[in-house]
Amino acid sequence: MKKIYGSAAEALDGLLFDGMFIAAGGFGLCGIPELLLDAIKDAGTKDLTFASNNAGVDDFGIGILLQTRQVKKMISSYVGENAEFMRQYLSGELELEFNPQGTLAERMRAGGCGIPGFYTKTGVGTVIADGKEHKDFNGETYIMEEGIFADLAIVKAWKADETGNLIFRKTARNFNPPAAMCGKTCVVEVEEIVAKGELDPDNIHLPGIYVHRIIQGEHEKRIEQRTTRKREDA
Amino acid sequence: MPWDRNQMAARAAQELEDGWYVNLGIGIPTLVANYVGDKDITLQSENGMLGMGPFPYEGEEDPDLINAGKQTITELNRTAYFDSATSFGMIRGGKIAAAILGAMEVAENGDLANWMIPGKLVKGMGGAMDLVAGVGRVIVVMDHTNKHGDSKLLKECTLPLTGKGVVDRIITNLGVLDVVEGGLKIVETAEGVTEQELRDATQATLV
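The listed protein sequences correspond, in order, to chains X and L. In terms of this note's numbering, the first sequence opens at residue 2 and continues consecutively. In terms of this note's numbering, the second sequence opens at residue 1233 and continues consecutively.
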């Protein structure tokens, strides 16, 4: 089966519908599926629910879909970098469900592994636990969190082979593997597609079984907080 | 003289033991890395990295290499990368020996509030709730009082909690306190700060 598509728009053809649930990889602006987000903006799909750790910034990442009012709800752990997000949230135009970061990652992983719910200590005794099932194990209290089953996963990787085996680069891996796993369909954008046999099978980060469609493209890879140190004088 | 930011960070660094894997929060906790000395400490960045290095030299920034504060960083010869589910697996699973983080309020029972002020812009808890629930030891570094001089070490937190009964030790500009049965116990005072001065600045029960 051919997994390689010519463009982001072609790779998303037939997969998008209003009101759908999308899991997206990325942490801040690092390792986000920027080409696929652009294509979703162009497609104009509305009332989207996103499971994504962050919401991008005003003009990059999921932020571009907030500008066009395509997002109905965000499931995120931290959204502090996006002024438009805050404006829409405070005016009631946008729903927001805060998840602790590890709970969000595990919800994606669990969904991808066919696990509809799991127990965690994270958030016990906080507002996150309100209305959730509590259960004691070995004298400690845990709350139940639900696996995420998304209609679509959009993911950014470094390299793919023709069969969809993926390699990520440095901290751009982040939420991409768990997001990929929890999507009914997973579309991946990479910097380079290589032929079968060119990736070392012992060093595949995510096997191609999770990957349905792949595109290769040029990435802006914007830096959110450029921090450097001075070279000591020689 | 109360401790300044760097002195608080240096004092917090003394809490770390050779061989520990540690997560440092944003702000003063980040400075702790400057004071670990000869100890073999591996820093975790919860976006998916063990063995976090210093900021890069100008021109060597890599957009694929950032810390949990989204700042560009570098790798070391011990670095390992992994995905977010694995990262929080090692946090939740108790593999990280300690987290050092800031706080808005700590209560005498170890409750911690550091993510949300009602009525103000809520940015989210990020990984803070997972960290305080999961790591071996939670060490808080914070100013003892707010800008009005009111104690931030309280009988009960007034702000929404990040974790319930999670704090082990508090390092403030006035000294070091442990969360123990019945309240907080003074471990030491900053040089030039008397025990009475610390007591007067503390609302929480001192035992």
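Treat the hints with care, as some may be off.
[What the hints assert, rightly or not] Only pairs whose alpha carbons sit at most 20 Å apart, straight line, appear in this in silico SDA-like list of lysine to any residue:
id	chain 1	residue 1	chain 2	residue 2
1	L	Lys1355	X	Gly93
2	L	Lys1396	X	Glu141
3	X	Lys231	L	Ala1265
4	X	Lys222	X	Gly93
5	X	Lys160	X	Glu199
It is worth saying that the hints were derived from the structure and are not from the lab.
Numbers of the earlier hints that this structure fails to satisfy, in rising order: Checked against the structure, the only hint that fails is number 4, while the rest are satisfied.
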